Structures are given as C-alpha cells and as structure tokens.
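Colleague: One letter stands for each residue in the lines below.
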Amino acid sequence: MLPKALGLGIAALILGSAAMLGLRAESWALRPADWAAVRFTLLQAALSAVLSLGLAVPLARALFRRRFVGRGALIRLLAAPFVLPVVVAVLGIVTVFGRAGPINAVLETFHLPAVSIFGLQGVVLANVFFNLPLATRMLLHGWQAIPVERFRLAASLGMPPSAQLRHLELPMLRAQAPAIALVIFLICLASFAIALTLGGGPRASTIELAIYQALRFEFDLGRAALLALVQLLICAAGTLLASRLTLPPSFGAGLGRSLDLPAPHGWRRRGDALLILMVVLFLALPLLAVAAKGLPGLLALPSGVWPAALRSVSVALASALLVVLAALVLALAQARRASGWLELAAMLPLAASSLVLGTGLFLMLRPFVAPQALALPVTMLVNATLTLPYLYRLLLPEARALHSDYDRLASSLGLRGMARLRYLTLPRLARPLGYGAGLAAALSMGDLGVIALFAGNSGATLPLFVQQLMGAYRMDQAAAAALVLVGISYALFWVFDRIGHHYADT
Amino acid sequence: MLTLEALHLSQGSFDLRADWSVQAGARVAVIGPSGAGKSTLLMAIAGFLPPARGRILWQGRDLAALAVGDRPMSVLFQDQNLFPHLTIAQNLGLGLSPQLRLTPAQRDAVEAALQRVGLAGMGARKPAQLSGGQQGRAALARALLRARPLLVLDEPFAALGPALKSEMLDLLDEVASATGAAVLMVTHDPADAQRFAGQTVLVAEGVAQPPCETAALFANPPPALAAYLGT
Chain A
1 MLPKALGLGI
11 AALILGSAAM
21 LGLRAESWAL
31 RPADWAAVRF
41 TLLQAALSAV
51 LSLGLAVPLA
61 RALFRRRFVG
71 RGALIRLLAA
81 PFVLPVVVAV
91 LGIVTVFGRA
101 GPINAVLETF
111 HLPAVSIFGL
121 QGVVLANVFF
131 NLPLATRMLL
141 HGWQAIPVER
151 FRLAASLGMP
161 PSAQLRHLEL
171 PMLRAQAPAI
181 ALVIFLICLA
191 SFAIALTLGG
201 GPRASTIELA
211 IYQALRFEFD
221 LGRAALLALV
231 QLLICAAGTL
241 LASRLTLPPS
251 FGAGLGRSLD
261 LPAPHGWRRR
271 GDALLILMVV
281 LFLALPLLAV
291 AAKGLPGLLA
301 LPSGVWPAAL
311 RSVSVALASA
321 LLVVLAALVL
331 ALAQARRASG
341 WLELAAMLPL
351 AASSLVLGTG
361 LFLMLRPFVA
371 PQALALPVTM
381 LVNATLTLPY
391 LYRLLLPEAR
401 ALHSDYDRLA
411 SSLGLRGMAR
421 LRYLTLPRLA
431 RPLGYGAGLA
441 AALSMGDLGV
451 IALFAGNSGA
461 TLPLFVQQLM
471 GAYRMDQAAA
481 AALVLVGISY
491 ALFWVFDRIG
501 HHYADT
Chain B
1001 MLTLEALHLS
1011 QGSFDLRADW
1021 SVQAGARVAV
1031 IGPSGAGKST
1041 LLMAIAGFLP
1051 PARGRILWQG
1061 RDLAALAVGD
1071 RPMSVLFQDQ
1081 NLFPHLTIAQ
1091 NLGLGLSPQL
1101 RLTPAQRDAV
1111 EAALQRVGLA
1121 GMGARKPAQL
1131 SGGQQGRAAL
1141 ARALLRARPL
1151 LVLDEPFAAL
1161 GPALKSEMLD
1171 LLDEVASATG
1181 AAVLMVTHDP
1191 ADAQRFAGQT
1201 VLVAEGVAQP
1211 PCETAALFAN
1221 PPPALAAYLG
1231 T
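Those sequence lines, one after another, are chains A and B. Numbered according to this note's numbering, the first sequence terminates at residue 506, and the numbering increases by one at each position without gaps. Numbered according to this note's numbering, the second sequence terminates at residue 1231, and the numbering increases by one at each position without gaps.
Calculated from the structure, these hints are not laboratory results. Please note that a few of the clues may not be correct.
The following residues of chain A were derived to be distant from chain B, with all beta-carbon distances above 12 angstroms [claimed, not checked]:
1. K4
2. G271
3. F282
4. N457
Just the calculated beta-carbon pair ranges, DEER-fashion [as the list claims (entries may be wrong)]:
5. W494/A - A1158/B: 41 to 47 angstroms
6. G1118/B - H167/A: 56 to 62 angstroms
7. S404/A - G1025/B: 49 to 55 angstroms
Every value quoted in this text rests on a predicted model; they were computed, and no experiment measured them. A virtual CB, placed ideally from N, CA and C, is assigned to each residue, including glycine.
Excised from the complex, chain A in its bound form (with noise of 0.2 angstroms):
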C-alpha cells in the first residue's frame, strides 16, 4: 500500500511537471538562442566526458600498479568530490586559473597571453575537476575486478606492458569505458551551478543556464517550459541508453586476493609518478587555495552566513529523512516481491534535473502562491526526489539480503509491524541507511539548483549566498562562507555515516 502509494507520487511529481511544461510552452519553435543552448550543453558534457574519461584510464592503471604510501588515502579522498559542493569547488578553481590566480601570473612572467576560466574551458575544466576522481574510482574497479591470476599468467609468460594491456585491459575498458563516459556526459548536462558560475553570455550557456535566465530574468514561463522540456528529453533519452550500457566485463572467476605484482620501471614509472602528482595537485590546489583565501575572514563572517546555513541544515536534514525513508520502503517492497513499475518509478528521477523539476514545480505553483514563499519547501522536495535512485539502488541489495537471510526466520516468530522495523530492519541496515542519510544530507547541502529558481532576495541558502558573494567579487567573504559550506556537508556526511557504523553491531 504505502510503497505503491510512494511510487504513484513519485511517477505524478515527475511526469506531471513534464505535463505541467508541455502545457505551458507556448511555441514549439526554438529560437537561435536556444538551438545555441542546446549545441553547447552538449559539446560541453561531450568535451568533459571525453576529458575524463582520457585521464581517467592512465591514472586509474598507475593508481593500479603502482604501490606508494598515501596510496589508500588518495583513493579514498578521489571519492569526496561527490560531495562537494560545487560552488565551493568552482570558487577554487577561479582562484587558482583566474585572472589574478597563480596561472595566470605565471604566464605573464613569461610574456603569454592570460587566459580566461571563464566560458567552454573554465565549464569543461571544473566538470572534470568532478568527474575525474569518478572515473578513475569507477574505472579502478574494473582494472581490480581482472582476476589477479590473469595477470600472473601474463607476467609468468613474459608478456610486455603492451601486450598485458592489449589481452587483460583493453577487454576490461572497452566493457565499462561506454558506460561511464555516458554516465560523466549525464552528469555534466545537468551540472547548473558550473554553468552558472562560469559559464553564462550567448556563448556559453547551457540550456538550464536559459532556463534560469528566462524565469528569473525575462519572466518568460513558455520559453523556459519549452527549454525544460527540451533539457528533459535529452536526459530522458541519454538515461534509456545508459540502462542499456550496463556490461559486466567477462574475465571468468579469480579466486586470489590482491597481489603485488611487479610493475614495469623506467619510463612508464616516472610517467605514473608524474601524472599521480598532476592529478593531486589538480584537485588539491583550488580546495587549498579557498582555505587559505578563506581562513582569515572565518572570524569577520558576513552576517548572512549562519542564517543561509540554517535554512541550508534545515533543508538538508529534511530531504535526508524523506529520501532515506521513500528509499527504504521502496527497496523493502522490491525485496519482498519485485515489481517492474516500483523499480521504474525509483529510477525515473534520473531522467529528471533539479531546474527541470524546479521549473514544472514554479508553473505548478505560480497560479496559488508567491514562488518564493515555498522555495525551501520545493528545494527539499526536488533534492529528495533527486537523490532518491542513488539511495535506492545503495539500500537494494542489502534490503534483498536482508530478506533472503531472514524473512522466514522473523515470520515464523511472528515479528511484525514497528517490532519488525525496530528489532530487525533498522540494525540491519543501519550502515546503508547512516551512509545513504549522510550521502543525501551532503548533497543537498551543496546543491545549488532549484533553489536558484525559487529563492527571493532574503531566502538564500548556503551555496546560493556563496554564489552571490562570488558574483559581486566579495572573493575573501565568499572563500570564508565556502570553508563553513564545506566544513557543514562533510560534518553532516561524517555524522550519519558514524550514527550508522554505531548501530550496526553484529
């Protein structure tokens, strides 16, 4: 009852704001602006899939092959981006290659031209900032999934690095090379807050960059149904074939553990030990960079920091909670008996984006009352639905182990109802639920999306406020508002990831 219940909600919330668009666009015909929008939302989540997807593979084989201390710790720290906030990632990033960043000085020292983050490049630059360390996690699993015996076999009979590469690797990447560079180019289609930041002008818009534009801006509701409707087909369409790119790579079971294999030397050393550093330095400097610009004023904060960071803890608190329980009770039902149109109603939301969802929820809601006035309300909401087919599909397998193991144990003692829920699924699944509460929580905390559409001049939330700091060239008060941004995101991730591990005693 109540998971059917859930998914008909979900299914209403998305599909209606997709009829709520079709209804509200008033032309069909894009304009040559929009067309604009359209060719460079692509080209940039092309650029920054390939990009990603190219430093990805020579980082995650060096990461691979190569043993050196910190090695554990830099795999591990490739997996915070994902929470990161984006605005506090592209404040970095504007530092560093900005116009009075350390590049640029270093060009003119040198008598160069400076260059401009701001546009395709500087768009393109801080999407790979996110998405490298996602390939390289991703793709490191591949490499670690070829059974180690395979590679013994090869060393054993002498094969060079190119012919191991050729035999063992190539198999691998071509199986999940498709699926991630599709996953990065979904990601970066949706990546607002980047566009936001540093793109912008008829040069570098994206098409929820002219959705923003044209609600905010030019109060055209048509034109902006009609580019949501436009961003969601495009979505739509690359998500169905993402579902279908899936493929396990086939290399037969291996029953060893990790075994330090010998690594080739020489160049190809030095070659990995260069591009590790690249990297680190990379995705180091611009986050050091905003401690260091923002430390000095944590102590003069502007005043509208802590409320912006408690209408910001608010909203992520309560989209934490909702997500984890829809999430929770979907997966509990899928376990007990699958159903394709449950499982279907918790991916749908993939095909969906923040300003997509924002923009059919602020036609919807225009008519009754003033945008503004439930724009924490929507914000939760819309970040809810958005992370729900990621928790979903954390709780999935261990809602069906859980079930598998002892479903007929719990029925045949009678353990039911807020029993059942107490004493059995909630300190089973403590870890999942505390990681996946603490996922959501952070996400939300950074998200930078729909909030732009509905806030009003007082109602920002935390990202928003940096964004707008950064916007009026405050850069030490807005490097200052990212440090408590960041330090908030990773203590919420860390609090519920820790509530759950407490939980989860077996």
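Please arrange chain B on chain A, whose structure you already have, making use of the hints.
Modeller: Showing chain B alone in chain A's frame:
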C-alpha cells in the same frame, strides 16, 4: 494431531503429494534423497508455501488462514536460526513476545531456559560469540520457551560433528518431552532416524509416504528407501 489432507505441493515442475497424519507428541523423521522435497514439505507445513491443493490441519482446524508466526509450531531452519545483531537473551525473548516486551516473569523464564540448555550466563552475548553447538542450543531454548505443540526441524544440526549432533538430539528429545510437542525432523542421516524417531516418513518420487515404524521400515526397506540407502 497434524493432518495432511490430500495435500499437493507444486513448485514449477516439482510436485509432491502427501495424505497422512502425525499424532500429538510423536517423533517423526523425514528422510529421502536430496531434491525429493523433504524441506519443501516442511516449509509448506510451516506456512512458507501455500498448498496447490489439499489442506494442512491441526486438531481438525485448517492452518491456511494462519500467518506463519501464529501457527501452532516452532521452526528450526538449516541455518540463520538466530538474529546476529541481537543478544542471545533477546533472541530467546522473541519466542515469548514478538514485540520483545518482556515481563519480569518472562525474563526469568528466558534465564531458566538458558540454564536448562547449558547456556547459563550467556544471555548477554551475541550469536557470533557462541560455538555452532551453542547456537543450536540457543535455538532449542527458544523452542522450549515458545512451547508450541509441534516442532518442525529442517536439518538444523547437519553441520555439527557426530558427538555434538547426538548431544543435540538428546536435548531436542528433552525439549520435546518438556513441552509435549510432536517433532517432525528432516534428516539425510538414517542413523538420526533410527536413534531419535519412533516413526519415519519416506519422501521419494513425488510422494511423502505415511509415517511407518522406523525399526520396521529399516528392517524391510521398500525399493525407494533401499535405493537411497544403497543396500
């Protein structure tokens, strides 16, 4: 009395028929080749598999309407008989109150049951801190607390060594006697049947035969049993 009335179980291409009764307090072993449907029969009686046709009755009352936990029986599975995240005392307490709200008297009963199966003072431990034999004892202690008139076991001691297993069978006998329960136990070991059960049900070739005197059955095995025993 447990009655299987023209019972027909069906799972895909698998079929099993049974039409017989078990007297209250009886000890019945269920043996037969693997894949013949011993466990399936037990799971149907326990309520995990609805019959395709026929009825399962207890004292003349159809069990079909009763949820698994409300049936007049305790079940011991092959494995996963204890929740690993709960203490032994909590695992036992679930046998008295599925809400785990225990009265002081019930707490005392849990402690007494632990003592009776030789686990005195281990109530605060988690199952992982117990040996395999001790985990079996804890599961039997919970059956003792539940005190249902039927005890259904699906080879719960198969993984134990011979000495430990015979110890468990003795304890099972004690628990069943204390609660007056009839026992229906699946085993693949003919020695278990001969040692423990007065009657034996042979499951083979799609039929669960009515219970026979164990001694008589093994003295003069029908062809299906002879084939299984390899005699």
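Colleague: Now tell me if each hint is right for this structure.
Modeller: Hint check:
1. Every beta carbon of chain B lies more than 12 angstroms from that of K4/A, the smallest distance being close to 21 angstroms; the non-interface claim holds.
2. The non-interface label for G271/A is consistent with chain B: the shortest C-beta to C-beta separation is roughly 47 angstroms, beyond 12 angstroms.
3. With a cut of 12 angstroms on Cβ distances, F282/A stays outside the contact zone with chain B, its closest approach being about 43 angstroms.
4. No beta-carbon of chain B is positioned within 12 angstroms of the beta-carbon of N457/A; the least distance is around 50 angstroms.
5. Checking the proposed 41 to 47 angstroms range against W494/A and A1158/B shows it holds: the Cβ atoms sit about 45 angstroms from each other.
6. A hinted range of 56 to 62 angstroms for the beta carbons of G1118/B and H167/A is consistent with their spacing of about 59 angstroms.
7. A beta carbon spacing of about 34 angstroms between S404/A and G1025/B contradicts the range 49 to 55 angstroms that was offered as a hint.
Checked against the numbered hints given earlier, this structure breaks only hint 7.
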